[in-house]
Amino acid sequence: MSCLPRKLELFYDLLCPYSWLGFEILCRYQNIWNISLQLRPSFLAAIIMDSDMEEYREKVGGDQRIQVPTKGIYGFNSYLEKLRKQEYMKNELQYLGKFCQVPIEIPRDLRGVLIDKGSLNAMRFLTSVHIEYPEMLEKVSRELWMRIWSRDEDITEPWSIQAAAEEAGFSRKQAMSLLKKSSTEEVKNKLRENTNTAYKYGAFGLPTIVAHMDTKPCVFFSSDRIELLAHLLGEQWQGPVPQALKGKL
Amino acid sequence: MANLPRKLELFYDVLSPYSWLGFELLCRYQNIWNINLQLRPSFIPGILKDSGNKPPALVPRKGKYMMMDLQHLKNFYQVPIRIPKDFLTVILEKGSLNAMRFLTAVNMEKPEMLENVSRELWMRIWSRDEDITEPQSILAAAEKAGLSKEQAKSLLENSSTDKVKNKLKETTSAACNYGAFGLPTIVVHMDNKPCVIFGSDRMEMLAYLLALQFLGRLCKTDLLAPVSTRRSQI
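In order, the protein sequences belong to chains U and C. Numbering of the first sequence is given in the UniProt record's numbering, commencing with residue 1 and proceeding in unit increments. Numbering of the second sequence is given in the UniProt record's numbering, commencing with residue 1 and proceeding in unit increments.
What the hints contain is simulated information worked out from the structure, not anything from laboratory work. Remember, it's a predicted structure, so these values are computed and weren't measured experimentally. Warning: the hint list may mix true and false statements.
[Stated by the list, open to error] Chain U is nowhere near these chain C residues, computed Cβ spacing over 12 Å in every case:
| id | residue |
| --- | --- |
| 1 | N34 |
| 2 | N98 |
| 3 | N116 |
| 4 | P135 |
| 5 | E150 |
[Said to hold, decoys possible] Quick list of the computed label-pair ranges, beta carbon to beta carbon:
| id | chain 1 | residue 1 | chain 2 | residue 2 | range |
| --- | --- | --- | --- | --- | --- |
| 6 | U | Q38 | C | T161 | 57 to 63 Å |
| 7 | C | E112 | U | E167 | 34 to 40 Å |
| 8 | C | Q136 | U | P5 | 54 to 60 Å |
| 9 | U | C3 | C | F76 | 20 to 26 Å |
| 10 | C | L92 | U | C27 | 37 to 43 Å |
| 11 | C | S160 | U | M49 | 44 to 50 Å |
| 12 | C | M190 | U | S177 | 50 to 56 Å |
[As the list claims (entries may be wrong)] Over 10 Å on every C-beta distance to chain U, these chain C residues come out as not near it, computed from the model:
| id | residue |
| --- | --- |
| 13 | R6 |
| 14 | N36 |
| 15 | G46 |
| 16 | I81 |
| 17 | M108 |
| 18 | K167 |
| 19 | E170 |
We treat Cβ as the ideally placed atom computed from N, Cα and C, and that holds for glycine.
Same shape as in the complex, but just chain C (with noise of 0.2 Å):
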């Protein structure tokens, strides 16, 4: 008797270089585990002033730990991440908020695209060092992606509207409702409760815990066995 996918709810911002990382190792196992991934743009500000948390890279020392830990995770996990020049800008100043509207919007009107458009924005910001947050550059994104010019601009003004607003808000306040202090936050749903994982280098438990098959951080299915018995952890 087939069980139906586990819902994985996984809540991220592409200022998160991080959510990145949870994001492609998630889109790898999306079709060999037997999983719903539901993706969930957030607002990385808002889960920091709720929970009263402060990103990383504010800390000097962990700001320097976290270069040098970027350079070797874009190898390790094949995600072709690049500091940007101007880290603390990029950041702090130009933040994501156009951005992770836009993607709301993607969510709302055309679901089927959300993780090719935020992948491209991700691709701009963390591998290219381009803007996202000018309309013409989640433009460029959007059509990237596969969106028509049209379709692009339709959901770029939509992206302005309360509608479009309010989702984001939500988004994000039920990643803090689940008890989020950063991103990604990945919510496993369970028969009695939700399990909340923070970061993106816990796949290999989350694995464990659901008792699915783990083929390494880049999904190699010719390691794939056949059916485990193993049962579910939590």
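Next up, chain U with everything else stripped away, as it sits in the complex (with noise of 0.2 Å):
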């Protein structure tokens, strides 16, 4: 007797390049795996400004060990500016972008591509896929990535966008159509609504992995806890790379 595919929602920001890494493993388990895979455009940045604004909260009047934020409330800037972090990921991400054989290359200006320009823009796009074309958001979501995360190219402006929907495959028309709906209410608020069911669950960042278990929801951070997800699925971990997939990529 086979098993109904397991519901599993991959919440993701183009911005995070640790998404992408989380993109691709699922994406190349979920013909192998029986799991339904369910991609969520999401905004990164406002997950990361409501956990702060959050633990602001939590600490004034809470607990007196722990100690107010002094760098500002928007925390994205003062993660980033952690240089520190911001070093030790421009190496590990080429280490996994081997690993996981993943092209990516770190942007020139990564804080400039990170917290200047965003990726407010390419999400709504991509909340307009999900909507009008959900076949084709894969392809679309892995353009985008493409762009900022393996050529240091923009994502930000309507021409950046347009040329990676055309090279995942819709024809102009069809991408100058999906960007003008972008900017409707309808895209927005479903941006937003995917962004607060991620941070239901519980998410503080991105990329977040949702899988719809027999009790209840089990949630992962990162790309670094799909070898454990499928243990818990009862589902065999080849690697990031599956033996299916070893040649054609």
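Quick one: dock chain against chain with the hints and give me the complex.
Next comes the structure, spelled out in structure tokens:
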């Protein structure tokens, strides 16, 4: 008797290279494991800001042993200003890229890309794709990641997003229509809704994976809990590049 | 022609449960892989202060997530972790300074005992929810690890000397100089530059980069295959 596929939600943001790693690994396994992978474009900056605000609120009047942050409430900014973590990330991503066979290259102006430029337009576009052409979401996400995290190209301008959409297989007309839709309230609300859903599951960063198990949802943060997830699902982990795909990447 | 063993330094603090996971994983592999595992007792508050980082447990969401994560990982890695009842007091008020100074003394006088004593201290704080700050607690762990009462007392006395205090500071600084912002931090000494890895969840990646055979998180030696001719990736 075959089991129903287990629903797995992947909440991700293009801004996050670890999201790309988690995305590629899960995409590779979606036809190997008995899972139904559901991609959920979300907005990382909002999640980080909300968790920092929550932290700030809990500490004021809360446990006095915990220090109130002094670096301002835009947590994302203060996070990246921790240069040591940034330096570490640059090295680690090169190792992870090789290991996971994902062609990650660090953008020259990392801070500019992550803080000044961000990913709001691109995530709204992906939300638009998610609503209109969900079967194309995987390809367009990948093309946008290739721009920002492999070729150090822009993903904020309309023509950048359009180029990625066409590379993924959309016609110019479809791409332009989706771009127009991105700035509607429907799409903005949908992105907020996905992001809030992740937050309600306890997310404090992305990628966040939610596996809907028999008893309750199991939440995993980052791309390095997929082997554990496999174990809990009773599936076989074959590394980040499963056998069925070796030689095809 | 046999290669020289690759030097791997593991910077850890018994206050950190993820350090325990990394420690057990590397200990499982130290006789399988051609590595020279060097344990480096360090002081996590020193690293956090130096890097401007803060412990995940202090961020409410991260703290909640960590509790859940450790419940999964203890089964997955078969390390008997149990969250202390008064977790924040253990981490924030009690800490691990005396224990880490003791381990530094062990490392200086009886390095062959460092693995066992570290493990017994972890079992106290992170498995049986027992104290590791009082002299009698540390002595109990030391004796359980195989040191005699006299040896344990002598090491405890040494722990409060400037020599040992400075050595702990030095080891912690060394981790910071490698770019550590938390523990566990693993430093793999490659030909061209050291490869620094944070966390206990990069073993498979490490094996891949060093062209070493990964036998799973439990290191199942029945999976041992002939030596791979794959070359190191870094």
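Problem - Violated constraints from the hint list, given by number and in increasing order - result: When the structure is compared with the hints, only number 7 turns out to be violated.
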